[in-house]
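In the order they appear, the protein sequences are chains A and B.
In terms of my numbering, the first sequence opens at residue 1 and continues consecutively.
In terms of my numbering, the second sequence opens at residue 254 and continues consecutively.
Hints listed in this document are in silico derivations from the structure and should not be mistaken for laboratory results.
Hints should not be assumed to be uniformly reliable.
One-sided excerpt, in silico: chain B residues whose CB lies under 7 angstroms from chain A [stated by the list, open to error]: (1) 271; (2) 324; (3) 333; (4) 337; (5) 354.
Where a beta carbon is used, it is the ideal one built from N, C-alpha and C, also for glycine.
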Amino acid sequence: MRLGEKIKTFLQGFFLFNIIWYIMAKLINMKALPKPTDVYLNMGHLYGENLFIHVLVSLYRIFSGLGIALVIGTSIGLFMAYSKLGNKLLNPLVYFTYPIPKTALLPVVMLLFGLGNSSKIILIVFILVFQVIVAVKNATLNISPEVYHPLTSLGASKLQVFIHITVPAILPELLTNLRLSIGTALSILFFAEGYGTQYGIGYYILDAWMRIDYMGMYAGIIVISLLGFALFILIDLIEETLCKWKGKLSNSH
Amino acid sequence: MLEIDGLSVSYFPDKKRIHALGPISMKIAPSDIYALIGPSGCGKSTFLHVLSGIIKNYQGQVTLKGNPIDPKKHDIGFIPQNFGLLAWKTVYKNCVLSLKIKEKIITPDQMNRIDYIMDQLNITDLKDRYPRELSGGQKQRVSIARAFIMNPDLLLMDEPFSALDALTREEAQELFVAMWNQYKTTTVFATHSIEEAIYMGKKIVILSHYPGTIVEVIDNPLFNTENLRENKAFHTLAAHLRSVVKKGWKL
Chain A
1 MRLGEKIKTF
11 LQGFFLFNII
21 WYIMAKLINM
31 KALPKPTDVY
41 LNMGHLYGEN
51 LFIHVLVSLY
61 RIFSGLGIAL
71 VIGTSIGLFM
81 AYSKLGNKLL
91 NPLVYFTYPI
101 PKTALLPVVM
111 LLFGLGNSSK
121 IILIVFILVF
131 QVIVAVKNAT
141 LNISPEVYHP
151 LTSLGASKLQ
161 VFIHITVPAI
171 LPELLTNLRL
181 SIGTALSILF
191 FAEGYGTQYG
201 IGYYILDAWM
211 RIDYMGMYAG
221 IIVISLLGFA
231 LFILIDLIEE
241 TLCKWKGKLS
251 NSH
Chain B
254 MLEIDGLSVS
264 YFPDKKRIHA
274 LGPISMKIAP
284 SDIYALIGPS
294 GCGKSTFLHV
304 LSGIIKNYQG
314 QVTLKGNPID
324 PKKHDIGFIP
334 QNFGLLAWKT
344 VYKNCVLSLK
354 IKEKIITPDQ
364 MNRIDYIMDQ
374 LNITDLKDRY
384 PRELSGGQKQ
394 RVSIARAFIM
404 NPDLLLMDEP
414 FSALDALTRE
424 EAQELFVAMW
434 NQYKTTTVFA
444 THSIEEAIYM
454 GKKIVILSHY
464 PGTIVEVIDN
474 PLFNTENLRE
484 NKAFHTLAAH
494 LRSVVKKGWK
504 L
């Protein structure tokens with residue numbers, strides 16, 4: 001799906017969603033569910049509240065967490081795929097820890113790493129890294145042995161095989177995984193920013209909620225949603241540029 | 254000169270020993286084209302995989318130009334049955350992959366050679382396409398271009414035309430022979446088609462049932478003959494081959 005089409009779909013969804021919201025607000029008629037029009041009109045005032053600083057802080061945490069999880073996860077995933085010993089050692093550990101709900105570790109992470117940024121980033125890394133490990137390992141193992149033959153017969157070095165085969169072959173799966181991870185990362189962030197910080201869009205929403213500032217709260221929710229959408233589009237763009245050879249993208253509808 | 258002395262290959266699935274090929278001995282002179290013909294499962298692919306460095310575990314000796322065969326030292330072109338194009342590289346990048354892996358700098362001379370070969374194989378217009386946008390015949394031509402662009406010491410093809418429909422196959426065979434006539438590359442290819450062996454092989458090697466050994470090596474007088482299929486001698490040779498094949502494959 002091209003970018004133009006995506007924006008069209010986005011606008012259609014946005015429009016429909018707001019109509020439903022509007023009707024619900026009219027029907028329920030409570031302060032806790034204001035009309036979308038009121039929320040949007042109020043958003044102009046938020047500039048003075050430094051909303052963008054909250055957004056920047058959240059983005060910093062997301063990108064650091066994602067980046068670290070990608071680097072560690074890709075390395076471990078490749079190690080497990082290419083080394084029998086590595087797989088033997090790490091597979092039980094990954095298998096065991098994969099289903100543990102890592103959000104439950106929030107108190108532990110905060111006790112060990114303090115209340116600051118690092119504990120929030122570490123929590124994101126904890127949750128994403130296992131998905132990345134499993135995705136990279138499976139994608140690498142799924143490369144059929146025949147794909148390596150032309151390079152083997154050319155006497156390619158391990159590094160050349162890595163650059164010309166492994167990286168391009170696992171990239172689509174890695175990006176699909178990243179797309180899912182970003183949704184997860186945003187949810188965790190919202191949760192983690194409820195503690196020990198005064199910055200971040202998660203904090204902003206929770207704070208507005210506590211202050212019964214419903215307009216601000218809804219504005220925050222809209223901003224965090226747009227953030228998620230923007231990151232989604234970003235990944236799509238990366239995928240379209242780097243995985244042109246794949247043709248139709250599997251995740252577009 | 255490619256010398257193969259007492260080559261045999263075994264697999265070890267589940268700690269059992271399965272003898273897949275050989276022993277095979279033969280000498281292939283520069284500019285020869287050897288057609289290997291044998292029943293499926295006789296070890297044709299295994300044989301080519303040894304020559305291309307994909308299988309490193311074998312008994313016996315294989316030397317090319319006096320040195321043990323090694324894809325890092327020799328330039329070996331290998332065209333597998335599925336053409337071996339990398340899906341994430343454009344036609345052009347697939348064509349120059351061998352030069353890139355061998356870390357050869359593309360000189361203006363080489364540039365001309367690349368252009369010339371791509372032109373000969375009629376794939377210049379497809380330069381920026383990806384393999385999934387190509388037909389089987391086009392993919393085949395790209396893989397032939399890639400092999401000839403690197404100017405290999407040895408060209409190996411594993412049932413190179415079997416995935417193509419009859420008409421495209423004949424066209425591809427003609428193209429291959431035309432390319433070979435220009436560059437005289439030493440070639441070994443596997444096929445299960447007697448016709449293909451006669452059309453493209455200077456020497457035809459008949460392999461037995463698994464584990465494949467040589468039943469007979471035939472000098473092919475009809476190699477490179479035009480209108481081969483209308484030639485009477487073709488039918489005689491084909492009949493002879495068929496009878497040897499039948500005997501050999503029953504063993």
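Per-residue hint verdict: residue 354/B, partner chain A, C-beta under 7 angstroms: holds, 4 angstroms
Cut-off 7 angstroms, beta-carbon criterion: hint that residue 271/B touches chain A: At about 18 angstroms, which exceeds the 7 angstroms cut-off, the nearest Cβ of chain A leaves the hint on residue 271/B violated.
Does the interface hint hold: is residue 337/B within less than 7 angstroms of chain A, judged Cβ to Cβ? holds, 4 angstroms
Take the shortest C-beta to C-beta distance between residue 324/B and chain A; is it under 7 angstroms? Constraint on residue 324/B satisfied, holds at 3 angstroms.
How about residue 333/B: closest beta carbon in chain A under 7 angstroms, or not? holds, 6 angstroms
This entry does not satisfy hint 1, going by the numbered hints stated previously; all others are met.
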